[in-house]
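S.K.: Chains as they are written, first to last, in the working numbering: chain A, 12 to 246; chain B, 12 to 246; chain C, 25 to 243; chain D, 25 to 243.
Be careful, since some hints might not be right.
[Unchecked claim] Straight-line alpha carbon distances no greater than 20 Å define the calculated SDA-like cross-link-like pairs of lysine to any residue that follow: (1) 30/D <-> 217/D; (2) 145/C <-> 161/A; (3) 174/A <-> 217/B; (4) 155/B <-> 101/A; (5) 28/B <-> 231/B.
[What the hints assert, rightly or not] Covered stretches of chain B, as calculated for chain C (at least 3 residues, CB under 8 Å): (6) 47-59; (7) 217-228.
No lab work stands behind these hints: they were computed from the structure. Just so you know, even glycine gets a beta-carbon here, dropped at the ideal spot from N, CA and C.
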Amino acid sequence: MAEKNTFNKCTDYKRIKSFFRDDMKLLFGGFGGVGTPPGLIDCLIDSGAKNVHLIGNDAGFPWIGIGKFIVLERAATLIASHIGSNPVAGDLMNKGKLKIEFSPQGILVERIRSGGTGLDGFLTEIGLGTELAYDKPVIELKNKRYLYESPIKADVGIVYARKADEFGNLVFDKTARNNNPYVAMASKVTIVEAEEIVPVGNLDPEEIIVPGIYVDHIVTSTGINWKWIWETLEK
Amino acid sequence: MAEKNTFNKCTDYKRIKSFFRDDMKLLFGGFGGVGTPPGLIDCLIDSGAKNVHLIGNDAGFPWIGIGKFIVLERAATLIASHIGSNPVAGDLMNKGKLKIEFSPQGILVERIRSGGTGLDGFLTEIGLGTELAYDKPVIELKNKRYLYESPIKADVGIVYARKADEFGNLVFDKTARNNNPYVAMASKVTIVEAEEIVPVGNLDPEEIIVPGIYVDHIVTSTGINWKWIWETLEK
Amino acid sequence: MGDIRKIIARRAAAEIREGMIVNLGIGIPSLVPEFIPSSVSVYFQAENGILGMGPEPLENKDGNLSNAAGYPVSILPGGSYFDSAVSFGMIRSGYIDLSILGALEVSGKGDLANWIVPGKKVPGVGGAMELAYGAKNLIALMPHCDKNGRPKIVRKCSLPITTYHCVNKIITERAVFCIINNEELQLEEIMPGYNLADIKNYTEAGFTISQELIINKEA
Amino acid sequence: MGDIRKIIARRAAAEIREGMIVNLGIGIPSLVPEFIPSSVSVYFQAENGILGMGPEPLENKDGNLSNAAGYPVSILPGGSYFDSAVSFGMIRSGYIDLSILGALEVSGKGDLANWIVPGKKVPGVGGAMELAYGAKNLIALMPHCDKNGRPKIVRKCSLPITTYHCVNKIITERAVFCIINNEELQLEEIMPGYNLADIKNYTEAGFTISQELIINKEA
Chain A
12 MAEKNTFNKC TDYKRIKSFF RDDMKLLFGG FGGVGTPPGL IDCLIDSGAK NVHLIGNDAG
72 FPWIGIGKFI VLERAATLIA SHIGSNPVAG DLMNKGKLKI EFSPQGILVE RIRSGGTGLD
132 GFLTEIGLGT ELAYDKPVIE LKNKRYLYES PIKADVGIVY ARKADEFGNL VFDKTARNNN
192 PYVAMASKVT IVEAEEIVPV GNLDPEEIIV PGIYVDHIVT STGINWKWIW ETLEK
Chain B
12 MAEKNTFNKC TDYKRIKSFF RDDMKLLFGG FGGVGTPPGL IDCLIDSGAK NVHLIGNDAG
72 FPWIGIGKFI VLERAATLIA SHIGSNPVAG DLMNKGKLKI EFSPQGILVE RIRSGGTGLD
132 GFLTEIGLGT ELAYDKPVIE LKNKRYLYES PIKADVGIVY ARKADEFGNL VFDKTARNNN
192 PYVAMASKVT IVEAEEIVPV GNLDPEEIIV PGIYVDHIVT STGINWKWIW ETLEK
Chain C
25 MGDIRKIIAR RAAAEIREGM IVNLGIGIPS LVPEFIPSSV SVYFQAENGI LGMGPEPLEN
85 KDGNLSNAAG YPVSILPGGS YFDSAVSFGM IRSGYIDLSI LGALEVSGKG DLANWIVPGK
145 KVPGVGGAME LAYGAKNLIA LMPHCDKNGR PKIVRKCSLP ITTYHCVNKI ITERAVFCII
205 NNEELQLEEI MPGYNLADIK NYTEAGFTIS QELIINKEA
Chain D
25 MGDIRKIIAR RAAAEIREGM IVNLGIGIPS LVPEFIPSSV SVYFQAENGI LGMGPEPLEN
85 KDGNLSNAAG YPVSILPGGS YFDSAVSFGM IRSGYIDLSI LGALEVSGKG DLANWIVPGK
145 KVPGVGGAME LAYGAKNLIA LMPHCDKNGR PKIVRKCSLP ITTYHCVNKI ITERAVFCII
205 NNEELQLEEI MPGYNLADIK NYTEAGFTIS QELIINKEA
């Protein structure tokens, strides 16, 4: 069994704070807040970072996931597939305080994957001729037209995992996996909040979803600190 | 527990033979024969199919994997990353009996993934200006030049798995996974040879690598029926 | 309105057949499962990364096991979890047999508008474009008219388009239409309580009438 | 030839430092691990889909656990298996600290030729193009001269190029060169048993000499 923190990746929230900088490009894992790291969101809020460029599936809810940061008006831009669950994001957009680029959901995760796997973007017919084509290049090949979707990378990525070993090998929990693996791949500095950190050798090599090569820093989660939408409605 | 063969996917080699046709495009899983389905290779040989268009990582060895089929001179073309381990393939190429298109290894699996995930190809700098650029389109964007790599799909795909349940959910074994998941995704008819077939519900939803949605037919493996190169040298 | 939504959802459920792989959008489509007979077994897929989604559990709801709208679900035997790139790979490449989406407007040629009402509702497109692009069969559900009584089946969508030429069938509380070859809107069925005039007067797009038109009597 | 290969591999092993992620090509690079001190722990990655590859086991060799050349290996604690698209994702996007490849020719500007000798050897490119493209640090290993005594470090490659401007260092049995900014070939080290003339007369590409040139004495 390896010694504790052999790879020097295990750290604490206080030290993580310094990675969140003004003007950074931040990729966040999660889908409607599910799979978004709650402790790292609070840490991002505490860091005071502003003018942040966010990229992720959606805007969360005003009290869930990345939504908690968005409502503070410290995000400059957001690339996401929808903001339907966070009306504050819509208000900020309409007031010109948050610039939003909408992307089809699967195209967005594929753009992140393209950045994370060292490819230079891809072609698709999806979105062609619609408002979501924005000013993306149109490529014609064999008399068919395609949109060019460029790769996305980020300065910092925040990821939520079920388990991490000290090398950063990751295992996820059910639908909290979603886009987290690609956030880990496409971020220059990848920070993981894991429900549990285990010694190297404790994970089955077959069950590892994200190899530790992609992970730079790991903190232990103190658990979900928001009420899910369905908990709110029930109570 | 589901009844035996609820999804009507479990079958035998005899019935599989009819899926192998002259002139078909065939994707095969495996990397140097590791992860290539031995029973399905024999079945392909028995089928008599000829003028087959093969796509896979390499040409195997003359007595291992797809190599066993290639030496019979019934493949018309091969897209692969190398044929170094199968001198017969090189001979056939030099004699004009087998047309080979070489592709960088990771670019090839990515082209298969592109076909299997409904994208229209991707851009990369890799191979630009080399012989492997062939007549692939060159796309210029923001004063940089890229090769366009087109998606690959096939009529039939053959896959080797550690376990399959009756819906076709797949689990792989160590490095025998390699490109098998993408062969399953990119083939119109996906045929799986599994070391073991288990009832639906026996696989942990987290351990499933290929969801059954991609799998059409499943047969039980009778095991590796060739000597690996390192076994040959030893004995 | 509650009733209308359930009427539409019940009729949509009748389109679902044994063994299908089905994706349901948010809104009216999310009501569909309660009208599927328990004898019909299907696998529901959700964009966030699950195939074989079962109903919301009564207890021990798990925040990490949810559908694409963030609500708790369960998983059936044979179900699997995967990342959302794999999920959309399935969706784009035609492995979903049936996709049922809510709509704001549909044109007579099957153009779908369901992602934005400029200046008002700004939900964003979500997975709708890819679901519309990839589904073998796409059914759009919506009330026949908007709040002001104006038709939602139109000659040309006034709202921004999600995907052109993608809808195969439209189900409203008044009627079921199919769209043949992205060209011909055809009335297949008149729903209980309505007659042909109710449909003609409130459908902007021109349509033909199926030779096998079904006229449902009052339920 | 056997000795030359081991001399080159031993010198290459000295480039490997604690904690590195390393990919080794076939040929001479595959001999490198036996010269790495056991105190230095590294993770070897192989293209087929494994990180944390350990040595060939003495018994219970497993046909399904192999390196990219198809030979049996083991896996270290902390190692993982993944598919080959993920594997090449790592390779292309710069997560491999050091890639050591065999070469047929290298130009003074770092162009690598290692995939084909037209009309003779037709191995195919394998993963070499992507390894060369993505590695943070790429070392090419080869004998200093070919069978006919002709230099393999050339002004311009005569063989088809694998990747332009990619090699950072060349190690032969006679010398170690670095290539600065894909432009300047610089002699860093003279290997035991050779002198500057042995190198100058058998290196076609022009080169400068490092101010910190290391001259190794006979071993």
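S.K.: Check the hint pairing residue 174/A with residue 217/B against an upper bound of 20 Å on the C-alpha distance.
M.R.: Holds - the C-alpha atoms of residue 217/B and residue 174/A are around 13 Å apart, at most 20 Å.
S.K.: How does the coverage statement for the region 217-228 of chain B fare against chain C, requiring three or more residues with Cβ below 8 Å from a Cβ of that chain?
M.R.: The restraint on the region 217-228 of chain B holds, since 6 of its residues have a Cβ under 8 Å from chain C and three suffice.
S.K.: Take a quick look at whether residue 155/B and residue 101/A sit within 20 Å of each other, Cα to Cα.
M.R.: With Cα atoms ~36 Å apart, residue 155/B and residue 101/A exceed 20 Å; violated.
S.K.: Does residue 161/A sit within 20 Å of residue 145/C, going by the straight-line distance between their CA atoms?
M.R.: At roughly 28 Å apart (the allowed maximum being 20 Å), residue 161/A and residue 145/C break the hint.
S.K.: Under the criterion that the straight-line Cα-Cα distance not exceed 20 Å, is the pair residue 28/B, residue 231/B satisfied?
M.R.: 14 Å, holds
S.K.: Is the coverage entry for the region 47-59 of chain B by chain C consistent with the three-residue Cβ rule at 8 Å?
M.R.: violated (count 0)
S.K.: Starting from residue 30/D, check that the Cα of residue 217/D is at most 20 Å away, please.
M.R.: Distance ~15 Å between residue 30/D and residue 217/D Cα, so the pair holds.
The structure fails hints 2, 4, 6 (numbered hints given earlier, in ascending order).
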